[in-house]
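Colleague: Sequence:
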Amino acid sequence: MEKRLILAVLLMSAVIMLTNVLFPAPKRPVAKTAADTTVDTTAAPAPATASAPTAAAPAPLPVALPPQPAVPGDTVVVSSELYRYAFSTRGAALVAAELLKYPSYTRNGPVELVPEGVHDFLAHRLAVGRDTLDLSNIAFTPSTRSLQLAPKSGEQTLRFSYAAPSGLAVELDYTFRPDRYSVAVSGRITGLPGGALLLTELGPSLAPNDPVDRRSEGQMAVVYRTSEGKIEREPLQKIEGRDTLGTGVTWVGVKDKYFVVAQVAGDSVPLRGAFAQHVAPLRRTLVEKGDTATVSLPRARVVTALPLAADGAFAYTTYVGPQEYHQLAVVGYNLAAVTQYSYAWLEPIIRPFVAAILAVVDFFHKTVGISYGWVLVLIGVLMRVVYWPFNARAMRSQMKNAVFAPMMKEIKEKYKDDPKKQQEEMVKLYREHGVNPISGCLPMIIPYPVLITLFFVFENTIAFRGASFLWLPDLSLADPLYILPFLLIASMFALQVVSMKISGADQNPQAKMMMYVMPIVMGFIFFNLPSGLNVYYVTTNIASMPQQLLLARERKTAQEQAQRDKGALAPTPPPARNRGSRKKG
Numbered sequence: 001m002e003k004r005l006i007l008a009v010l011l012m013s014a015v016i017m018l019t020n021v022l023f024p025a026p027k028r029p030v031a032k033t034a035a036d037t038t039v040d041t042t043a044a045p046a047p048a049t050a051s052a053p054t055a056a057a058p059a060p061l062p063v064a065l066p067p068q069p070a071v072p073g074d075t076v077v078v079s080s081e082l083y084r085y086a087f088s089t090r091g092a093a094l095v096a097a098e099l100l101k102y103p104s105y106t107r108n109g110p111v112e113l114v115p116e117g118v119h120d121f122l123a124h125r126l127a128v129g130r131d132t133l134d135l136s137n138i139a140f141t142p143s144t145r146s147l148q149l150a151p152k153s154g155e156q157t158l159r160f161s162y163a164a165p166s167g168l169a170v171e172l173d174y175t176f177r178p179d180r181y182s183v184a185v186s187g188r189i190t191g192l193p194g195g196a197l198l199l200t201e202l203g204p205s206l207a208p209n210d211p212v213d214r215r216s217e218g219q220m221a222v223v224y225r226t227s228e229g230k231i232e233r234e235p236l237q238k239i240e241g242r243d244t245l246g247t248g249v250t251w252v253g254v255k256d257k258y259f260v261v262a263q264v265a266g267d268s269v270p271l272r273g274a275f276a277q278h279v280a281p282l283r284r285t286l287v288e289k290g291d292t293a294t295v296s297l298p299r300a301r302v303v304t305a306l307p308l309a310a311d312g313a314f315a316y317t318t319y320v321g322p323q324e325y326h327q328l329a330v331v332g333y334n335l336a337a338v339t340q341y342s343y344a345w346l347e348p349i350i351r352p353f354v355a356a357i358l359a360v361v362d363f364f365h366k367t368v369g370i371s372y373g374w375v376l377v378l379i380g381v382l383m384r385v386v387y388w389p390f391n392a393r394a395m396r397s398q399m400k401n402a403v404f405a406p407m408m409k410e411i412k413e414k415y416k417d418d419p420k421k422q423q424e425e426m427v428k429l430y431r432e433h434g435v436n437p438i439s440g441c442l443p444m445i446i447p448y449p450v451l452i453t454l455f456f457v458f459e460n461t462i463a464f465r466g467a468s469f470l471w472l473p474d475l476s477l478a479d480p481l482y483i484l485p486f487l488l489i490a491s492m493f494a495l496q497v498v499s500m501k502i503s504g505a506d507q508n509p510q511a512k513m514m515m516y517v518m519p520i521v522m523g524f525i526f527f528n529l530p531s532g533l534n535v536y537y538v539t540t541n542i543a544s545m546p547q548q549l550l551l552a553r554e555r556k557t558a559q560e561q562a563q564r565d566k567g568a569l570a571p572t573p574p575p576a577r578n579r580g581s582r583k584k585g
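Just so you know, we're using this note's numbering here: the sequence shown kicks off at 1 and counts up by one.
Errors might be hidden in some of the hints.
Cross-link-like lysine to aspartate or glutamate pairs, in silico, EDC-like; alpha carbons within 20 Å at most [unchecked claim]:
| hint | residue 1 | residue 2 |
| --- | --- | --- |
| 1 | Lys412 | Glu425 |
| 2 | Lys414 | Glu424 |
| 3 | Lys428 | Asp418 |
| 4 | Lys409 | Glu425 |
| 5 | Lys230 | Asp243 |
| 6 | Lys409 | Glu424 |
| 7 | Lys421 | Glu410 |
| 8 | Lys366 | Asp134 |
| 9 | Lys420 | Glu410 |
| 10 | Lys230 | Glu347 |
Hint data in this document are derived by calculation from the structure and do not stem from the laboratory.
Generate coordinates for the entire structure from the input sequences, incorporating the hints supplied.
Modeller: The structure is reproduced here in structure tokens:
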């Protein structure tokens, strides 16, 4: 029964994946709205013709910026133990974002999220009616030339200010915390009429920091949350032209597998418009084991529109950092949903388990001080302890069912031409002897939500990126020596042998075939999966062996006792008569 359950789970997973491939979600139609027309400043106007009436020219912008010389601005560096952000005084834009806790595998030094040559990351523009005022080229005055945040210091603010002779005044504040990657952005813009929108650039994409085998670049996407709380994802490689994301967006971000840059507006004043526009892909040259290859990275400009208050004030939060669950969760508005831990339909079920498992991982690693590799081993052992009663109940049910297997076979043979009578006799057998044919499967189904969650957590969490263990250089990559997949096959085969002895299925040819096939199939599936995932499953298999051996001994004892009871209840044959002792008459 356990083999059938495993096979059923594998088949269901295959059906789910094939369904997603054959019947993808329909692409949302691009709807033009008033807000979208205001946001889209890149569209060229249609040429006027003699037959078409000429539209009235829009009113001129009430303010103007003086000509700005094309010279690079100074750089203001904000640093803590977690990050090193650099802002340019020209446009107050982010020009560098180094994450000091995470090494980059495409450059020397820590992870850098801002692509090389991009100078408008988090740059701002102003939209007034159909006119746009570009703030990315003006020279701001910073409140300080550098900002250093100590580990236990409080919040510190970097202010950029600008005042034009025409009356336009801009104040832009970035407030940092030493222990968080989220940055509170606020300010005030005066000298504009009502109804102005603050446009913010979030792209294009992120700088590459991982080798190809991590599959990070394939997960580059725009992720956003609607005002109704729905999470939407748009892979960058599927964005063609201009794709409208929505007119009521709580937050929007650009992500790869491990890192994200996001703008969080909140529910009170959501983003009025957001769109992603395809731009030319970035050509990246890779050197892998001496071979040079060129990879095309998808890119897209992501622009958001935030309405200014009547007094010109605005506020939002920017997150520039890793997809670390607790760092994202503290921002709120379900920003932690940026990381996709399972299929979309399964996420509401998986999310609570994800939070619990990551809390356990953080406790053992950060509080107890255990390395991530040994944390996986410890969790594997603990999970077998937790599942001990479920597994024991399932195995004992299979042992009980095995006793009545000959009776079931006899009924099937006797009534093979009468299915209805066969079913009636089976039900009668179950009722008389208290046999439940599915009792061995139900306890095994209970742990499956946690097992599925562990698979996605170990596959996607950033905690294991770059973490070494024993001979493994990185728990997020496959075993370079392929030792773990073979250990997985061997441990699973051993479990299958013992399990068949317990259930009494060792005489079944089909069960024997499954005993040989299933470990090979699972080894093939896990061959190139992250080694951390293999460490966990090999540990759970080895930790399951003592219980399986105890149950096998229990079954053997029960069989011996049944033989003794059968011998005790058998009638005693009469003693043989000695003919030689009979007297002759």
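Colleague: Against each hint, give a clear statement of whether it holds in the structure.
Modeller: Structure-based check of all given hints:
1. Straight-line distance between C-alpha atoms of Lys412 and Glu425 comes to about 9 Å, which keeps the hinted pair within the 20 Å bound.
2. A hinted pair counts as satisfied when its Cα atoms are at most 20 Å apart, and Lys414 with Glu424 qualifies at roughly 13 Å.
3. Taken as a hint, the Lys428 and Asp418 pair is honoured in the structure, with Cα atoms around 15 Å apart against an allowance of 20 Å.
4. For the given pair, Lys409 sits about 11 Å from Glu425 by alpha-carbon distance, which is consistent with the 20 Å threshold.
5. For the suggested pair Lys230 and Asp243, the alpha carbons sit about 18 Å apart, so the restraint of at most 20 Å is met.
6. Taken as a hint, the Lys409 and Glu424 pair is honoured in the structure, with Cα atoms around 14 Å apart against an allowance of 20 Å.
7. With a CA separation close to 13 Å, the supplied pair Lys421 and Glu410 stays within the 20 Å bound.
8. A threshold of 20 Å between alpha carbons decides the hint, and for Lys366 with Asp134 the separation of about 45 Å lies outside it, so the pair is violated.
9. Between Lys420 and Glu410 the CA atoms are separated by roughly 15 Å; this keeps the pair inside 20 Å, and the hint holds.
10. Note on Lys230 and Glu347: the hinted pairing holds, with a Cα-Cα distance of about 12 Å set against a maximum of 20 Å.
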